[in-house]
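Protein chains in written order, with the numbering used here: chain A, 1 to 474; chain B, 1 to 543.
Don't read these hints as lab results, they were simulated from the structure. We treat Cβ as the ideally placed atom computed from N, Cα and C, and that holds for glycine. Accuracy of the hints is not assured; some may be wrong.
Said to hold, decoys possible - Take a look, some chain B residues computed to stay more than 10 Å from chain A by CB distance:
| no. | residue |
| --- | --- |
| 1 | Ser-20 |
| 2 | Asp-77 |
| 3 | Glu-176 |
| 4 | Ile-244 |
| 5 | Ala-248 |
| 6 | Arg-273 |
| 7 | Thr-348 |
| 8 | Thr-538 |
Claimed, not checked - Pairs of lysine-lysine residues, derived as DSSO-like cross-links and limited to a Cα-Cα distance of at most 27 Å, are as follows:
| no. | chain 1 | residue 1 | chain 2 | residue 2 |
| --- | --- | --- | --- | --- |
| 9 | A | Lys-341 | B | Lys-243 |
| 10 | A | Lys-225 | A | Lys-201 |
| 11 | A | Lys-201 | A | Lys-257 |
| 12 | B | Lys-175 | A | Lys-341 |
| 13 | A | Lys-441 | B | Lys-243 |
| 14 | B | Lys-284 | A | Lys-341 |
| 15 | B | Lys-181 | A | Lys-294 |
| 16 | B | Lys-181 | A | Lys-341 |
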Amino acid sequence: MSENHKTHLAVIGAGPGGYTAAFLAADLGMDVTLIDPEENPGGVCLYRGCIPSKALLHVAKLIEETREAHKWGVTFAEPKIDLDKLRAFKEGVVNRLTQGNGMLRNQRKIRHLRGRGRFVSPTRLEVDLHDGRSAALDFTYAIIATGSRPFLIPGLIPDSKRIWTSTGALRMEEIPQKMLVMGGGVIGMELGSVYATLGSKVSVVEMLPGILPGADLDLVRVLQKSMAPRFETIMTETKVVAMQETSKGMRVTMERKDGSTFEETYDKVMVTIGRKPNTESIGLENLNVRINDKGFIDTDIQMRTDEPNIFAIGDVVGNPMLAHKASHEGQTAVEVIAGHKAAFEPNTIPAVVYTDPELAWCGLTETEAQAQGRRVSVFRFPWAASGRAITMDRTDGLTKLIIDPETERVLGMGVVGAGAGELIAEGVLAVEMAALAGDLKLSIHPHPTLSETVMESAEMFFGTSTHVYRPRRR
Amino acid sequence: MSIEIKLPDLGDGIDSGTVSSVFVKAGDTIEKDQALVELETDKAVIEVPADAAGTIKKVLVAPGDEVKIGQALVKLDAADTPTSKAETPAPVAPQPDAVEETTVTQTPPATGPVTQPLVVPDMGDGVDSGTVSTVFIKPGDTIEAEAPLVELETDKAVIEVPAAQGGTVVEVLVKEGDTLKPGQEICTIQTTAAEAPATAPETASPVAFADADTSHIDMESIRQREKDAVALVKRQAQRDPSKIAPAAPSVRRFAREIGVDIHEVPGTGPGGRISVEDVKAYSKLLHTQRRAGTATGTIAAEPLPDFSKFGPIETETMNKLRQTSARHLSTAWATIPHVTQFDKADITELEKLRKAHGKKAEAAGGKLTMTAILIKVVEAALRKFPQFNASIDMAKNEIIYKKYFNIGIAVDTERGLLVPVIRDVDKKNIIDLAVELTEISVKARAKKLTVEDMQGGNFSISNLGGIGGTGFTPIVNAPEVAILGVSRSEIQPRYIDGAFQPRLIMPLALSYDHRIIDGADAARFLRWICQVLEEPFTVLLEG
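So that you can see chain B by itself, here it is in the shape it has in the complex (with noise of 0.2 Å):
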């Protein structure tokens, strides 16, 4: 039965306002009192909630619009009537508590318990059907909405069917094995009439699988199968003969008909083995990657050419740190909003005084590097400017003060870029860390490192300074906000009393997250280490 909600009356002598915000559209199924419209009135900007459930038919304003109190917002399916199948309207049977037209103070929905089916959803993606693996109900369960009904194994994925609607389980009418198509029933369940949606999904007519009558040759439909075969068959190219997915052939074929390249996925057995329970894993993953992929406007990976068209190429399988750092530096630079800022140091004096005591450095075993002193000085800069030192919970609209100095360097390896975290620097002076900073970039390169020595980071330091360049960009190494990135320190004139001098100047820049950090405060952040460099007194000073 169709309804309108209709704008209610806002009390306070408020008779109109202006649509700021539309929360719901055609074929959503709603709740009583859940929000329709924002509403902008001279007194308020409020939210207009329902009053009544149902599944939305058409929305009749559009943000902008002004309504007046008693004009209609939305045509709604209202809940408690009897659920029509498919495009037959079938005959309502009689309900005592129906209401016939609906104004804005509605009389409560039915109550009485209501049988009805809940059924296969469109799976999207042009999956017509798949094949039941696991019925997760049984007849008396009481389920909830979005609770698993049974799990499907279709074309493209592994899914699980959720509850459209909670209730008490009646009758379940797949069982595991069953091919099912949208529209089709799963189970029926008892719910009060208020829980029912309005409407059942299309019923897809039956599809039949019988073999083609040999009498008759459809080479179409022949060629059809043929497409679809293109996917196997290109997988044969690329793929290379002495790697072999390690994986039980009924595991394999059990990818191949869900169309999952077993090269890529992930074992977790012994040695690497393949399950289908991860077969299944990765399949979920691909299909929710999919579906987040589409609802936030991820950009996906465009396809690739046939390189070898163009010349003759060569494959190489990424190693796991390859393959860690790509996802992280993918999500960093994805989610982090990113902002460089430059500076320049000048370190004449601070170089005389790291060419002085080289030699201390050395007798404890370390090497008096820019990196060590940077680390020092960091970690004042820190101290002096928290927000740095921090962290960010977009989930929970926080942020993270960190009371400890743990700080990662970027370590060039013949594997790749590794970033081991010295802890604690507060609790050492620069002979120390420079004694640390020498031991873990051996151990970096010797592939000792641990995951721990590798963890607890707050901040940053890639120092590019001894292969060159000017400048660079580093990414924040997440969930860090910030990173220090050093380049190559030259002589350059610098205009001092009177004169140009030469100088030592050291380019260093700052990429910081700028949800958490404003643009000023970073080019203070950056000056002062960089006049700490010019000054070391400065610390004794202000840190």
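If we strip away everything but chain A, and leave its shape as in the complex, we get (with noise of 0.2 Å):
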């Protein structure tokens, strides 16, 4: 035992969770201390998820806008991919980030001990630093924030360098010719199109009836047809039975939902059929702390654990598997921590999924408001109606908002097209702030623009969309 610490708030894990946690209790004047393996804080979202895969999707989005520009008359030549540099932008781009975040960890005095920590008692961490050395941690309180991992299925994938996980794919090492995208869900499409775009001949496949569960079908829909083209095809309610690895690549044994079976070779295989969260090999053992059927780590609604100085946060405690979830869970925690009377209580959380078009929503959706057997009023307002949308030749999009017909209330909305993920931030606000379709209504959105299309979908409650005949059905 080489060194010893006494700290009053050790925070494990160093993602967007662990660092929010981190430097807002150093702000409050708390002595922190930090403990995570990469040299600055970031977590796999910063090094190995959001952030580079955006980087990517960003040049991926610009590809395919030269392909389109021929129809305006402009015409470019085939992009040639550098590869090599292509990468150094993405990792400058994480450089640039989590350096600037082990500025800011330094500048607010937080003890970083770098290496993986472990509970011996609810009161003492042991931290194997990444030089060999280990140290002992006392603290007065924990937040555990290690995350998630790829999942992976023991048996039916082997190992092999023809395995891709995201964080493979976002090495960007080569561009395979054949690739396919096992699961479905945002990381597969996302990271799938970017592929797609830069040459390889993408399949996706999905054991459910839809890729994007979670989405509303109507979303989806519009998403699915734009993205179509670029795939060799989207295959549903098919799943992956059996891989073999051949020296021509890996052949893929897929099975239809009627049982019927076939075989396909791919250069690639990228697995993301889900994230499983960080909670072995931490010393939970030696904690009074839960996990549940799901495997997450059980808390209440301010973040703590069975263990009451100790907290859980991010990826760890449960879905949705967002950043944006973690940081305001590692706020609360932290806020309790300080003697507040914080919870996590949102009302919406919202999700994004960064293809091309874009689709996110936040609040209820209209498949929960079915599963709930509530009344709910749904208008959609087709992006073909939106000048905006119209100038960018990208129609390609709608707007939806979720209403209780009763309060006028605005419960949840709805985005595909271009520039969603940016939308959908006024939804969260209307949500939370508990807006009626009215407050929407009467706020002026600049014209013309793509969020008048939020405006044009609360005017549809009232049966006087300006760009959209629909008069009300009394």
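Build the complex: two chains, separate frames, hints provided.
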């Protein structure tokens, strides 16, 4: 034992949840220690997730636009892709953000123990430092923010260089000729579309009846229609039953809904079937902390585990595994530690799929309303009626509002189309502030923008949308 | 300065009396001439006033005590002594007019201006601090006792701190955002000495808010904090995820911090949106209810067990109608001393008439039901017994007699009980009433009743005969004073003219407010109704 430290708050894991919590705690005057194997705060999101994938998606979108441009009288040559430079751009983005976080950490005088922490008691952690030494850390409070990692099915998925997880795909080492995306969720569709644009022949296989489970079908349909031409196939209700590595590639056996099977060989198979919380090897067995049947750590709405001084936030406590959920949970935990009566009780956690077109939703979805048997009014404003969308030649979009017909309150919003991820913030504000359809209708939205589609969806509730003629049925 | 107030000379040769009531207790602040005790003498019952203002230290007599003139009744910290703070007896500044020893005939208290602090009182309920959200006073203001000084947000509620004392504000010592503890000074006021309270409450020692020392791990305090969080967490378990309170995040946070469940706050904004003001209003209401609850001894609902431990359950939010009637019926049940009188009417002959004339009502668009007939009979009864067509105003000690005849009819709808009111029944015949009754029942079941349709009733009829039952005790629909409950009529043997005969008998129950209606009158009222039902001619004869 070469080092011994004492701290008021130990934060294990420096992803968006952990570093946000640590930063806030330091701002509130606490003595904070952050434990993370990376040099700088960032976690999966900044190093191997949201941030690098968005850099690549941005480039992919640009390439797609150059291909569309001939319709507007501008013709570009087929793009040449310098993979090293593209990778360098992506890594530059990652470095800039993580190094910036490192500076912010140092300015706040947060102690960083670079390594992996393990609880030995409810007040002590042992840390295996990256340089081979170890350290002991006595703490008053701790926040577990160890995140998640890609989920693989042992036995089905072989250990092979032809198998990628999101991490492998984001390394950008090569552009495979023929690629299978196993799992048509958000990560699979995002990264699949990047490689499709860069020149891979990408197929998607999804067990469920549709891609992007969780999103409303009408929104997914718009996205799928726009994206389908870029993909070889999108196979739903189909599952991978066997994989065999051959000299030509990975031979994948798939089974359709009717039980019939078929084989295809791919250069790479990207497995994006889900993520698994990192609850092992952090010494939870030495704590009175409960893991629920889904493998997540159980907490109350103050993010407190069964150990009164230990909190858990982010991917380890459950879905949705999103950075913005983790960071708000982290802030809640720190406020509780600081003695405030905080609780994690958001009205909505928005979700965004950063494909092109983008898809985003918040609050109640139509699917959820149906499942709850709740009566809602749904208004869809097609982007074909939006001046801004037409100027961009991007009418492949739809804005929808889910409204309580009795109180006229906005319960949820969904958008598919270019920039949907930015538009959804208005829906989040409306849902959180309990805005009424009338509030959105009466707020002047700038013209011409895509945000007008939100206002006009609200007008549709009153049967008076300017650019859609659909009188209210009485 | 401590003085004793003694029983003064009562004149008329009275030299003693028996204490029948004591109006004050230790700790009370009293004013000069305020009644201390009630005394029964052989001449009269008299109230003995205080001859000095101040705070009662000790009451020396109890009901039943025999007291003689000159005997001490209470020990008083007289108001004309300077304020002494906390336990440390502050050196008493010399007061020119201070009276050292006091007897029955006391020197008038000092009247010179005195500057003194007003402090945060004990807030009860384990509340040990609060944050100032509004300051209502500024230097120079003239305030009266009980005027609000500041609004405090505490763990439990938002409360207004009233002035213990009137006077002119000299200096305001707090500002918005300050955290105050009981005993802490809010402002200083200038008063005349006579108005000054004798003592200031004990000043609480300041509590350090500094974070725990990192070198010392105090698991006990952590566990204590966890316990404090239990209420929040419990709420999570009970919350229906599909029900989201229509309140902005800042409002939800505010509610959480002052310990109010946002889901219970009625919103006054568009679409039921909840504002910070709504949360404050609700919190104040809770606080008043809690205070009122302890004062009047109202029984608070016991906390419910977790029923899901015993078997599967389903939770449903009470609709507005149910909430309203639950509140209304609780109040009626708790405030009205109910008595229920039972009787039976032989309606054999009436039933024949009803059947014979049913067609006429049908032709008019109504149905000649027993309820329609009862409305007319009740109207006649109300006319004959006006105390049943009245309301009671306990605050003013008045009885309000009504010169109009509106009768409410309890209607069973799928949403719950509704009581639409048929107006001016005295101006309508039974056929008219039958038609209106049909219309109003349809309206009630179609959810078309307006608030006006359900207001202004003088008396209610609840007819459960269509469903069955031999009798029930209806609850008076306050502010009415009586209600008639009708159960199912059935053929019963009656001994008439030396033989049993099958007769159609209708059981009736009359619940009434015993504050205004005596038992004998109720028996007469109900008997009279039965008599009219048996021999309708009575109405013409006597009604």
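Results of checking the hints against the structure:
1. With a least beta-carbon separation of about 51 Å from chain A, Ser-20/B lies farther than 10 Å from that chain, consistent with its non-interface assignment.
2. Consistency note on Asp-77/B: stated as away from chain A, and its beta-carbon is indeed over 10 Å from all of that chain's, at 39 Å minimum.
3. Remark: the non-interface label on Glu-176/B is consistent with the geometry, its nearest Cβ contact in chain A lying 19 Å away (cut-off 10 Å).
4. A beta-carbon of chain A comes within 10 Å of the beta-carbon of Ile-244/B; the shortest separation is about 5 Å.
5. Distance check on Ala-248/B: its Cβ comes as close as 5 Å (rounded) to a Cβ of chain A, failing to clear the 10 Å threshold; non-interface status is violated.
6. For Arg-273/B, the shortest C-beta to C-beta distance to chain A comes to about 5 Å, within the 10 Å cut-off, and the non-interface label is violated.
7. The claim that Thr-348/B lies off the interface holds: its Cβ sits roughly 51 Å from the closest Cβ of chain A, which is beyond the 10 Å cut-off.
8. A cut-off of 10 Å between C-beta atoms confirms that Thr-538/B is not in contact with chain A; the least separation is 52 Å.
9. With a C-alpha separation of about 21 Å, the suggested pair Lys-341/A and Lys-243/B falls inside the 27 Å cut-off, and the hint holds.
10. As the CA atoms of Lys-225/A and Lys-201/A are separated by approximately 17 Å, the hinted pair is consistent with the 27 Å bound.
11. About 24 Å separates the Cα atoms of Lys-201/A and Lys-257/A, which keeps this hinted pair within 27 Å; it holds.
12. Straight-line distance between C-alpha atoms of Lys-175/B and Lys-341/A comes to about 23 Å, which keeps the hinted pair within the 27 Å bound.
13. The hinted pair formed by Lys-441/A and Lys-243/B meets the criterion: a straight-line CA distance of about 24 Å does not exceed 27 Å.
14. A hinted pair counts as satisfied when its Cα atoms are at most 27 Å apart, and Lys-284/B with Lys-341/A qualifies at roughly 20 Å.
15. Note on Lys-181/B and Lys-294/A: the hinted pairing is violated, with a Cα-Cα distance of about 47 Å set against a maximum of 27 Å.
16. A C-alpha spacing of about 19 Å is found between Lys-181/B and Lys-341/A, which places the hinted pair at or below 27 Å, so the restraint holds.
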